[in-house]
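Asks: Chains as they are written, first to last, in our numbering: chain Z, 1 to 313; chain P, 314 to 543.
All the given hints hold, so there is nothing to weed out.
Coverage of chain Z stretches by chain P, computed from C-beta distances (three or more under 8 Å per stretch; other residues unrestricted): (1) 50-56; (2) 63-72; (3) 93-103.
Simulated crosslink set (BS3-like; lysine-lysine; CA at most 27 Å straight-line): (4) Z/K44 - P/K439; (5) Z/K174 - Z/K228; (6) Z/K308 - Z/K240; (7) P/K410 - Z/K43; (8) P/K487 - P/K522; (9) P/K502 - Z/K43; (10) P/K330 - P/K410; (11) P/K439 - Z/K43; (12) P/K543 - P/K451; (13) P/K330 - P/K368; (14) Z/K44 - P/K410; (15) P/K543 - P/K364; (16) Z/K228 - P/K380; (17) Z/K24 - P/K439; (18) Z/K228 - Z/K298; (19) P/K330 - Z/K24; (20) P/K410 - Z/K24.
For the record, the hints were derived by calculation from the structure and aren't laboratory data.
Cβ atoms here follow ideal geometry from the backbone N, Cα and C, with glycine treated the same way.
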Amino acid sequence: MESKPIATRDGFGEEITALGRVNKDIVVVSGDLEDATRAEYFKKEFPQRFFNLGIAEQDVIGTAAGLSTQGFVVFATSFAVFLTNRAYDMIRLDVCYNDRNVKVVCSHGGVTVGEDGASAQCLEDFAIMRVLPNMKVICPADVLEAKKATRAIADTPGPFYMRTSRAPLPVITKQEDPFVIGKANVLRQGKDVTVIACGVMVSEALSAAETLAHEGISVKVVNMHTIKPIDIEAIVACVKETGAIVTAEEHQINGGLGSAVAEVMARHAPAPMEMVAVKDSFGESGTPAQLQAHYGLKDVNIIEAVKKAIKRK
Amino acid sequence: MITLYGYQMSHKPSDPKWDGRDRLIISKGHVSPVVYVTLANFGYFPKEELKTFRKFGSRLQGHVHAKVPGVEFSTGSLGHGLGFTNGIALGARMRGKDFKVYCLLGDGETQEGSVWEAAMTAAHYKLDHVCAIVDYNKVQENGPVNEIKNLEPLGQKWASFGWHVFEVNGHSIKDLVAAFDALKDIRGKPSVIIAHTVKGKGVSFMEGKSAWHGKAPNPEQLAQALAELK
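Go ahead and model the full structure; you've got the sequences and the hints to work with.
Replies: In structure tokens form, the structure reads like this:
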């Protein structure tokens with residue numbers, strides 16, 4: 001964690017612009033939030049391949065789906081709450097049912113949005129996106145991974161949802177780390193329990209593992225950047241190696257990464273499991289750090305969950 | 314539909330994905346029986362297949378589906394077609410293609426806010442290769458459109474959104490042809506043809522009745538209807 005924290009939205013903005021230089025088929029559509037999503041980096045270089053459709057999320061998705069018919073790789077961008085919730089029926093029908101090459105990339109996921117409060121803090125996007133047929137769901141853990149993920153989804157045909165952060169996140173992956181859609185990355189080996197995390201919670205998991213190591217508890221840390229398709233093989237291997245699982249995500253406890261992992265474990269590898277997530281409530285205004293602490297999304301909460309899970313073994 | 318496929322649109326039933334074709338987006342996906350019968354009659358697929366409509370395993374889904382040759386976009390939820398139409402039109406302009414994109418909307422469907430989001434977009438980007446057609450049959454699922462939620466003045470609404478408006482008798486092929494012929498002179502703005510129609514036209518017991526919005530006649534009713542339509 002030597003370099004300074006950077007928001008994953010910046011990684012998206014920089015990489016989509018870099019991709020735009022070599023791939024003339026990339027088009028970006030925005031719901032008048034390109035300043036915040038960082039899609040404006042692309043807009044500045046490629047105004048002719050950028051459309052701000054105004055404050056009209058349904059139209060953003062419908063237009064994006066139509067553009068894709070002309071061979072374009074279309075990135076539809078806004079805040080996570082607005083696109084995934086307001087335009088849900090459009091994502092379901094125009095993008096998923098019609099299987100269009102549209103990438104829904106949204107910033108402002110989770111409570112770390114901060115002062116804007118609950119109406120802008122998306123905590124249900126993993127759940128409602130992963131349940132859609134044809135849709136794949138990604139949540140990068142840091143700026144480097146956000147760049148790799150942007151490239152990977154541009155190169156892979158079909159619908160994607162990717163959540164980026166407004167808050168700067170510590171850089172915890174390395175340039176040389178692979179990024180394969182649907183393949184989890186093991187960041188730390190351990191034998192007593194595995195923490196499976198995504199997004200901001202990956203750095204919290206590493207911090208928790210470090211603290212627990214001093215207490216003699218050996219924690220494996222897995223970065224599950226792809227929530228759908230979930231890496232079944234990796235989850236089963238973690239259960240075999242460590243016998244207990246803790247999931248950690250900046251999302252409602254229902255329906256997100258924890259649920260996706262639990263679905264796999266119930267069918268393939270039952271074992272004690274704990275979930276670190278927002279407990280069925282909306283967020284509020286505050287600094288990202290205050291909100292993470294208040295909603296139980298810190299390393300201390302992971303430490304507590306790890307100890308519970310080990311006791312249940 | 315007949316005027317579009319038989320007169321107005323460039324299309325090749327033998328090559329449904331021909332890149333130069335004009336596109337028709339069926340936003341009112343429940344008009345699937347009319348779409349499928351028209352496509353089969355123009356040779357997009359065997360008429361025999363029409364008998365499989367709404368049956369398990371058939372391509373002919375209850376609401377139009379893009380796996381059917383000639384169908385561009387799967388719909389069924391209302392208010393989706395016009396945004397998709399604009400996307401195609403913007404993409405075509407970027408690619409330097411000059412085909413037209415038509416979009417068939419229901420009248421009740423224009424109660425959806427997304428239609429007006431898209432209406433603003435088409436005007437803003439001056440999509441003069443977009444033509445919307447509103448089937449203004451004045452009846453929706455639960456009764457008369459203008460009692461449920463009034464659309465009037467519908468033509469003025471579209472005009473105020475920056476569209477060129479044609480109001481025609483939707484049962485008159487002559488009127489429709491005249492409007493379609495005039496499209497080429499409309500530059501810098503999209504066009505809408507408000508086609509005034511009568512639901513169930515020509516069948517005495519169906520005309521203007523919302524009860525026939527989503528149901529098929531029984532064999533006796535069918536025989537009577539066909540006799541009246543002769």
